[in-house]
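Protein chains in written order, with the UniProt record's numbering: chain A, 1 to 258; chain B, 1 to 353.
Think of the hints as simulated: they come from the structure by calculation, not from any bench.
Hints may contain errors.
What the hints assert, rightly or not - In silico DMTMM-like cross-links for lysine to aspartate or glutamate, where the CA-CA straight-line distance does not exceed 20 Å:
#: 1; chain 1: B; residue 1: Lys-245; chain 2: A; residue 2: Asp-104
#: 2; chain 1: A; residue 1: Lys-230; chain 2: A; residue 2: Asp-22
#: 3; chain 1: B; residue 1: Lys-103; chain 2: B; residue 2: Asp-320
#: 4; chain 1: A; residue 1: Lys-117; chain 2: A; residue 2: Asp-104
#: 5; chain 1: A; residue 1: Lys-3; chain 2: A; residue 2: Asp-215
#: 6; chain 1: B; residue 1: Lys-347; chain 2: A; residue 2: Asp-104
#: 7; chain 1: B; residue 1: Lys-251; chain 2: A; residue 2: Asp-104
#: 8; chain 1: A; residue 1: Lys-195; chain 2: A; residue 2: Asp-69
#: 9; chain 1: A; residue 1: Lys-195; chain 2: A; residue 2: Asp-236
#: 10; chain 1: A; residue 1: Lys-118; chain 2: A; residue 2: Glu-137
#: 11; chain 1: B; residue 1: Lys-245; chain 2: A; residue 2: Glu-55
#: 12; chain 1: B; residue 1: Lys-245; chain 2: B; residue 2: Glu-161
#: 13; chain 1: A; residue 1: Lys-195; chain 2: A; residue 2: Glu-28
#: 14; chain 1: B; residue 1: Lys-107; chain 2: B; residue 2: Asp-123
#: 15; chain 1: B; residue 1: Lys-245; chain 2: A; residue 2: Glu-86
#: 16; chain 1: A; residue 1: Lys-230; chain 2: A; residue 2: Glu-21
#: 17; chain 1: B; residue 1: Lys-245; chain 2: A; residue 2: Asp-79
#: 18; chain 1: A; residue 1: Lys-230; chain 2: A; residue 2: Asp-63
As the list claims (entries may be wrong) - If the Cβ cut is set under 10 Å, some of the chain A residues that face chain B in the computed set are:
#: 19; residue: Ala-76
#: 20; residue: Ile-78
#: 21; residue: Met-89
#: 22; residue: Arg-93
#: 23; residue: Phe-97
#: 24; residue: Pro-98
#: 25; residue: Asn-113
#: 26; residue: Leu-171
#: 27; residue: Gly-226
#: 28; residue: Gln-227
#: 29; residue: Pro-228
The beta carbon of each residue, even a glycine, is placed where N, CA and C say it ideally should be.
Listed below, chain by chain, are the residues.
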Amino acid sequence: MAKRIDVSGLNAYYGSFLAIEDISMTVEPRSVTAFIGPSGCGKSTFLRTLNRMHEVTPGGRVDGKVMLDDENLYGAGIDPVAVRREVGMVFQRPNPFPTMSVYDNVAAGLRLNGKYKKSQLDDVVEKSLRGANLWNEVKDRLNKPGSGLSGGQQQRLCIARAIAVEPNVLLMDEPCSALDPISTLAIEDLIGELKERFTIVIVTHNMQQAARVSDRTAFFNLAAVGQPGKLIEIDDTERIFSNPSVQATEDYISGRFG
Amino acid sequence: MSHATLTPKPSSLRGATLPKWFPWAVAAGAVVLGLGISTAAGLQSDIQWALIASLLFVLGSYGISAKVEGRRQARDRTATSLVWVAFLMALIPLASLIWETVKRGVKVLDGYFLTHSMGVVADTEPGGGIYHAIIGTLEQVGLATLISVPIGVLTAIYLVEYGRGRLAQAVTFFVDVMTGIPSIVAGLFVLSVWILLLDMGPSGFAGSMALSILMIPVVVRSTEEMLKLVPNELREASLALGVPKWRTILKVVLPTSIGGITTGVMLAIARITGETAPVLLLVWVTNFINTNPFSDPQASLPMYIYLQFANSGGSGAAYDRAWAAALTLIAFIMILNLVARGIARWKAPKTGR
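Okay, chain A solo, but in the shape it has when bound:
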C-alpha cells in the first residue's frame, strides 16, 4: 500500500515566477513527514506537486523528478488523474461536496471514478468512516447533507473521502488550521493510526503539531519575498526540534525569526 516518494531537483513555477527551487528529499513509507516554514515559502506548492495538483493552478508548471517507488510522476505518458488516485489529498478548509450526503461524499471518489460494485460501496463507506474515526458520530445520519456536520467532523469526512479510494500516499495541507483544539486532537490521533497504512505528508504552521505527529520534519524557507522557497533541511523530527544542523532552522523553531 504505502509507497516511498523520492524527489530530486524539483522546481515549480507560477507562470514565469519560480516558486520553489531545486528540492530533493525522500519521504519514507508508513511514516509521517511534516513540512514547516514561514508563509509563502512554498510548502503547500511543493505538497501540491506531489500529486500533480500544482498544474491545476493557471500557469502552474513543474520540472524535476518525483519518483513514487519506481515511477516518475512527471515522466512521459503519466496520467495526472491516475496519479491523484494513488496520492490523495486533504485540504486546509474542510470541503465536503455540498450537494451530497455524508454517504455520497465518502462514496464520491469511487462513484465518480465509475468503478465499483454496489454491494462493496456500503462496506467501503463504513470502513472509511471508521478509519477516519467518524463512524460512530454519523452512522445514524448517513443520508443527511455532509455540510451539516461540524467543522472537525467535516474535516474527518474529507479524510474518509480521501482514504476511501485507497491511495498509497495521503497529503494534508494544514488540515487542522481551521479547527478547534479538540477536533485537532481527533485528527492528530487519526494521523497516528493512518500512518500504519499510508505514507503521510502534512503541512503545518503549528510546530507543536509537527513535533507531536511526525517522524520526520522538513524545514522550508525563502531568502526574501519574491525569492523562490527552498528546502533548508530534513531530518528526524526529534533532531530538528532538539539539535538542528542549520542555524536558520533553530532560529525559526525557537521563534527568533519570522
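Please build the complex by placing chain B on the supplied structure of chain A, with the hints as guidance.
Coordinates of chain B only, in the frame set by chain A:
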C-alpha cells in the same frame, strides 16, 4: 449647537430620538398636505399631489429630525425617505400595470377562451380563444429553449472551466455583442438566411431560431456567473480524488450550481416569451390550430395580442380578447418565475443537519 433635548443633562451617548411612528406620521401629514395644496391650487392630476407629498415627506422628515435629533440622524432619515420614495415610485407602474391587465383581462378569460382557437370567428365578433396562440408560444419558446440551453450552458462551461487566452476573450466579447442585438435584427438575420436564402417557408421553428439568438447570450451570462460562484476548493477536492475534469464538472460543479443555472434559464425564457418582432417576420400568424412548428405559420400570444388590438376596429370583443391574452402571457411568465424560484430552492446545496 444646542439641541432641543428632552432631558436636562443629556448623556454624551444618548441623544433625543423621535418615536418609531415618526416616519408614518410625517408620511400621513405629507399626503394630507399634498392633497390639500393641490385641491387649493386646483390641480387636477394625481401625479401632482403625489409629487408634492413626496417632496414634503422628504423635507419634513429632514427638518423635524434636524431640530430634534441633530444633523447626522436627519441625514440618515433623508436617505431612508429617499429610498422609500424611489421604491414607491418604482412600484406604482408595476402595480398599476398588473391592476389594469387583470381588470380588463378577466372579462373573457375562462376555460372556453383557453381551449378554443379563433377559427372563423371574425375579429369584430365575440367568442373565440387563444388555444392556437398558447400552443404556438409554447412550441416556439420550447424549441428555442432546447436550442439555447445546451449551447449556452456548454459555452459558459468552456469560458469558466477551460477558456484561456484569445479564444475565450473573443467568445466573451461576442456574447456581449449578442446581448445587445435588437430582436428585430435577429429576426431579419434568420429571415435572410432561412427564408430568403434557403427558401424555407415561415414556421414556428424559424421563429425559435431567432428567439434562441436572443436567448443564448442571456443563458451564457447567467450560467457563467453561477459557475464562477462554485468554490475552487470543490473542484480541487474532486480532482484530488482522481476524478477526471469532465466528470468533476458534470458531477460536482454543475449539481452545485444547478439552482442558479435553472433560475437564469427561466429568466431567459421569460425574456423571449414576450418577443413580437421575430415572430412577426418569421412565424406570421394564423387563426387556426397548427401544432407542427416545422411548417406553416403559427400563432403566438404576443402576435395575437397585437393583432386583436390592431384589428379590433372599435369592437369591444377583440379589445377584451387582447387584454385576456395579455393577462395569460403575464400569468405564464409569472408561473415560470415561481417555478424557477422553487427549483432554485429545491436544488440549492442543503445546510440542514
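Hint check results:
1. B/Lys-245 <-> A/Asp-104: holds (19 Å)
2. A/Lys-230 <-> A/Asp-22: holds (7 Å)
3. B/Lys-103 <-> B/Asp-320: holds (10 Å)
4. A/Lys-117 <-> A/Asp-104: Distance of about 14 Å is within 20 Å: holds.
5. A/Lys-3 <-> A/Asp-215: holds (16 Å)
6. B/Lys-347 <-> A/Asp-104: Since the Cα atoms of B/Lys-347 and A/Asp-104 sit roughly 16 Å apart, the hinted pair holds (cutoff 20 Å).
7. B/Lys-251 <-> A/Asp-104: Holds: B/Lys-251 and A/Asp-104 sit about 12 Å apart, inside 20 Å.
8. A/Lys-195 <-> A/Asp-69: Since the Cα atoms of A/Lys-195 and A/Asp-69 sit roughly 17 Å apart, the hinted pair holds (cutoff 20 Å).
9. A/Lys-195 <-> A/Asp-236: holds (16 Å)
10. A/Lys-118 <-> A/Glu-137: Status violated; Cα separation ~24 Å.
11. B/Lys-245 <-> A/Glu-55: holds (13 Å)
12. B/Lys-245 <-> B/Glu-161: Holds, at about 9 Å.
13. A/Lys-195 <-> A/Glu-28: OK: A/Lys-195 and A/Glu-28 at ~11 Å, within 20 Å.
14. B/Lys-107 <-> B/Asp-123: holds (17 Å)
15. B/Lys-245 <-> A/Glu-86: holds (17 Å)
16. A/Lys-230 <-> A/Glu-21: Within the cut-off at roughly 6 Å; holds.
17. B/Lys-245 <-> A/Asp-79: holds (12 Å)
18. A/Lys-230 <-> A/Asp-63: holds (15 Å)
19. Ala-76: violated (20 Å)
20. Ile-78: Violated. Min distance 13 Å.
21. Met-89: Hint on A/Met-89: holds, closest Cβ of chain B at ~4 Å, below 10 Å.
22. Arg-93: Interface hint status for A/Arg-93: holds (6 Å vs cutoff 10 Å).
23. Phe-97: holds (6 Å)
24. Pro-98: Check passed: Cβ of A/Pro-98 comes within 3 Å of chain B, closer than 10 Å.
25. Asn-113: holds (6 Å)
26. Leu-171: holds (8 Å)
27. Gly-226: Result: violated, 25 Å to nearest chain B Cβ.
28. Gln-227: violated (27 Å)
29. Pro-228: violated (23 Å)
In terms of the numbered hints stated before, the structure departs from hints 10, 19, 20, 27, 28, 29, listed from lowest to highest.
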